[in-house]
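Enquirer: Chains as they are written, first to last, in the numbering used here: chain A, 28 to 300; chain H, 28 to 300; chain F, 28 to 300.
Just so you know, the hints here were simulated from the structure itself, not pulled from any lab data.
Computed from a prediction, not measured in an experiment: that's the story for all the values here.
Honestly, I wouldn't trust all of these hints.
Heads up, the list lumps identical chains together, so a pair's fine if it works in one copy or across two of them.
The calculated BS3-like cross-link candidates involving lysine-lysine, where the alpha carbons are at most 30 Å apart (straight line), are [claimed, not checked]:
#	residue 1	residue 2
1	207	133
2	133	94
3	133	31
4	221	106
5	31	207
6	94	293
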Amino acid sequence: MLGKCMENVRTRVPLVHNITNYVTVNDVANVLLACGGSPIMSDEPEDVEEITSICGGLNINIGTLNKRSIEGMFAAGKKANELNHVVLLDPVGAGASSLRTNTAVKIMEEIRLNVIRGNISEIKTLALGSSTTKGVDADVADAVTEENLDAMISFVREFSERTGSIVAVTGAIDLVSDGKVCYVIRNGRPEMSKITGTGCQLSGMMTAFLVANPENQTEAAAAAVCAMGLAGEIGWSRMQEGDGNSTYRNRIIDAIFHMDGETLEKGANYEVR
Amino acid sequence: MLGKCMENVRTRVPLVHNITNYVTVNDVANVLLACGGSPIMSDEPEDVEEITSICGGLNINIGTLNKRSIEGMFAAGKKANELNHVVLLDPVGAGASSLRTNTAVKIMEEIRLNVIRGNISEIKTLALGSSTTKGVDADVADAVTEENLDAMISFVREFSERTGSIVAVTGAIDLVSDGKVCYVIRNGRPEMSKITGTGCQLSGMMTAFLVANPENQTEAAAAAVCAMGLAGEIGWSRMQEGDGNSTYRNRIIDAIFHMDGETLEKGANYEVR
Amino acid sequence: MLGKCMENVRTRVPLVHNITNYVTVNDVANVLLACGGSPIMSDEPEDVEEITSICGGLNINIGTLNKRSIEGMFAAGKKANELNHVVLLDPVGAGASSLRTNTAVKIMEEIRLNVIRGNISEIKTLALGSSTTKGVDADVADAVTEENLDAMISFVREFSERTGSIVAVTGAIDLVSDGKVCYVIRNGRPEMSKITGTGCQLSGMMTAFLVANPENQTEAAAAAVCAMGLAGEIGWSRMQEGDGNSTYRNRIIDAIFHMDGETLEKGANYEVR
Numbered sequence: 028m029l030g031k032c033m034e035n036v037r038t039r040v041p042l043v044h045n046i047t048n049y050v051t052v053n054d055v056a057n058v059l060l061a062c063g064g065s066p067i068m069s070d071e072p073e074d075v076e077e078i079t080s081i082c083g084g085l086n087i088n089i090g091t092l093n094k095r096s097i098e099g100m101f102a103a104g105k106k107a108n109e110l111n112h113v114v115l116l117d118p119v120g121a122g123a124s125s126l127r128t129n130t131a132v133k134i135m136e137e138i139r140l141n142v143i144r145g146n147i148s149e150i151k152t153l154a155l156g157s158s159t160t161k162g163v164d165a166d167v168a169d170a171v172t173e174e175n176l177d178a179m180i181s182f183v184r185e186f187s188e189r190t191g192s193i194v195a196v197t198g199a200i201d202l203v204s205d206g207k208v209c210y211v212i213r214n215g216r217p218e219m220s221k222i223t224g225t226g227c228q229l230s231g232m233m234t235a236f237l238v239a240n241p242e243n244q245t246e247a248a249a250a251a252v253c254a255m256g257l258a259g260e261i262g263w264s265r266m267q268e269g270d271g272n273s274t275y276r277n278r279i280i281d282a283i284f285h286m287d288g289e290t291l292e293k294g295a296n297y298e299v300r
Numbered sequence: 028m029l030g031k032c033m034e035n036v037r038t039r040v041p042l043v044h045n046i047t048n049y050v051t052v053n054d055v056a057n058v059l060l061a062c063g064g065s066p067i068m069s070d071e072p073e074d075v076e077e078i079t080s081i082c083g084g085l086n087i088n089i090g091t092l093n094k095r096s097i098e099g100m101f102a103a104g105k106k107a108n109e110l111n112h113v114v115l116l117d118p119v120g121a122g123a124s125s126l127r128t129n130t131a132v133k134i135m136e137e138i139r140l141n142v143i144r145g146n147i148s149e150i151k152t153l154a155l156g157s158s159t160t161k162g163v164d165a166d167v168a169d170a171v172t173e174e175n176l177d178a179m180i181s182f183v184r185e186f187s188e189r190t191g192s193i194v195a196v197t198g199a200i201d202l203v204s205d206g207k208v209c210y211v212i213r214n215g216r217p218e219m220s221k222i223t224g225t226g227c228q229l230s231g232m233m234t235a236f237l238v239a240n241p242e243n244q245t246e247a248a249a250a251a252v253c254a255m256g257l258a259g260e261i262g263w264s265r266m267q268e269g270d271g272n273s274t275y276r277n278r279i280i281d282a283i284f285h286m287d288g289e290t291l292e293k294g295a296n297y298e299v300r
Numbered sequence: 028m029l030g031k032c033m034e035n036v037r038t039r040v041p042l043v044h045n046i047t048n049y050v051t052v053n054d055v056a057n058v059l060l061a062c063g064g065s066p067i068m069s070d071e072p073e074d075v076e077e078i079t080s081i082c083g084g085l086n087i088n089i090g091t092l093n094k095r096s097i098e099g100m101f102a103a104g105k106k107a108n109e110l111n112h113v114v115l116l117d118p119v120g121a122g123a124s125s126l127r128t129n130t131a132v133k134i135m136e137e138i139r140l141n142v143i144r145g146n147i148s149e150i151k152t153l154a155l156g157s158s159t160t161k162g163v164d165a166d167v168a169d170a171v172t173e174e175n176l177d178a179m180i181s182f183v184r185e186f187s188e189r190t191g192s193i194v195a196v197t198g199a200i201d202l203v204s205d206g207k208v209c210y211v212i213r214n215g216r217p218e219m220s221k222i223t224g225t226g227c228q229l230s231g232m233m234t235a236f237l238v239a240n241p242e243n244q245t246e247a248a249a250a251a252v253c254a255m256g257l258a259g260e261i262g263w264s265r266m267q268e269g270d271g272n273s274t275y276r277n278r279i280i281d282a283i284f285h286m287d288g289e290t291l292e293k294g295a296n297y298e299v300r
């Protein structure tokens, strides 16, 4: 029951530690508050271990990484592992530079990750060592489509099996797999790609969903993806003439703010394969 | 006259130097512009002394502190003290980690502060060395309520007397004391806690209010608290069906943008004890 | 044809590398998406060369510079020069501190800049070594007015000729010169100065316009200025009672999102001198 996963977030108010980029960090904080979680941000290596200790989950996003914050990611990640906290990696721009690719790979090697969530170009980079990444957006050549769906499901399932992490690939069609089942999700709107940070927001929110649903992590990850996509649909339906991507950004977070378990349950558009 | 305090901000256009966190910094800048002030941000130790010199006040917020920005906080604070500028400390997350607590305490020891503004958990940490801080939000166990109001007023008044700083504790009921009088303020809406950074915004705006009202600093601090709370009420009254925390954030800043002295005077809900 | 310049952005989807301040970075990203470009942010010296290599242009904004990001600006700028990419400098706060002035001057000396875009106080600082800069906003004593227009045009033209860069000075009247022609632009609204970052947004967008219009760089720079000003007018016309600077910010980006070449062509208010 995806709806129950969302209700658990509202009831349990998970505290999420975010080491994330400075581009979209405000929206990540607001969407965490909107879904019922509580955000805290800290990237200073001397600060992160204590901060992550009082949280339930850690969201690592490498969108504007620097040497200091990379050190913070490893310190926080290791402490979170020690405490058996949920850890999510969002490998923003993996494939676009060596520093990003190598940092993401090293995090995968040294930190036990509950979830890896990215666009298909980023995930391909991590899984295959190559992709056609174009900056921080997925390349169209990499897209998950109805035509290549079966192959993509196998790819994601295998990568999940190999890493031991839930893998969430988001795009026009979203895939969430734990190595066994694979959720195929068709919520969302293409216009969401015209807003910076919907992926970053999803990563923050997904971390909260996993913290609040320790016994149903795969379902919780899928629920977060459905919630974000559904919010994109609800937000779009409230757009008025002249509204553009900036207003749309607000309306999506607003839709998360009002979403309850029943709305999510009814609006989620997915199949389990 | 609280209204006059706000009018002075619009007339005098105080320039405020902010060393603040990257989560809510954009909203801090926009609320400063909305109230009639002018914001500038700088945290590089080599840059802060000159920047603070051309300003009238300094707003230090430790929300995403790092070693470099901590150095900047001390350099800017000492220069601001030298020039007799207004200095405000917002000890975000004091109590949540040693680095945050120790940095806030050291700032209190080494920099003369006109105001310390935080939630009750943060202020208790600084005053008593302990609290039940839960991340960056106040813990419910610490809340100022009608039941414990007298004791809380005494606590805030004593802490103000001991430190020589105006102390502003914000929450469901806000307290502002200079060691003698204590403003008890009941403006605001509970939904404001679902937006990241209303506290940070208040700290930026309060710094501007103090700069523009050098002879009525306590009243200026109380006026800023009332203005923020009243903006929360006005913003909420303009919410339409489906609007959530992201739209509410805009509406609060919008309400500050339109607030004049008369509106503040009429809408302020406070008593002086 | 200014309209054609905008259409080229939408068709060619230029990828722009931004080393910009953390105050307005989210709006820079969203306005780049709104106009049809694609943003990427990176300031870590080890990361910037590869990131800028996959982009078409580089937008350097010194609004919250620090020692690490300054190093990143030079590394990225030199690599971009090597690759003949478009490079724009936004010297935020030049004149307000030595670090800002010196960094901007050194960037001008060591990096070939296609455009320098700032307010009149910042440009005067770079051209004359002095101004009456007040923080990050232009001082009224420096303003371009109908009265001093001829002198200002000469000043901007000469500075452009001397530097070899297109110079764009924005304010109530905007000037864009390549040393030969000078566009005098009268789009925009005074209320835009009550939003943080409209200048930063313009710099990001202007970089995209130049990348998409390699053979008409001066016209592309002017088109970006007209587009931003026109968006300010369209956004303002959509304001409702009670809306303030925060909502206005959204409406301006929304207006860019919907602007096509024809709208820009019709709404642009400029003369070429």
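Enquirer: Now tell me, hint by hint, if it's right for this structure.
Expert: Each hint tested on the structure:
Proximity of residue 207 and residue 133 under a CA criterion of 30 Å is satisfied intra-copy only: 25 Å inside one chain copy versus 53 Å between copies. For the identical chains of this complex, residue 133 and residue 94 are neighbours both inside a copy (14 Å) and across copies (25 Å), given an alpha-carbon limit of 30 Å. In the homo-oligomer, the alpha carbons of residue 133 and residue 31 never lie at most 30 Å apart, since the shortest distance is 35 Å inside one protomer and 46 Å across protomers. In the homo-oligomer, the alpha carbons of residue 221 and residue 106 lie at most 30 Å apart only across protomers (28 Å), although the nearest pairing inside one protomer, at 36 Å, exceeds that limit.
In this assembly of identical chains, the alpha carbons of residue 31 and residue 207 lie at most 30 Å apart only when taken from the same copy (22 Å versus 51 Å across copies). Taking identical chains as interchangeable, the C-alpha atoms of residue 94 and residue 293 are never at most 30 Å apart, the minima being 44 Å within one chain and 48 Å between chains.
Hint compliance for this structure: hints 3 and 6 are broken, all remaining hints hold.
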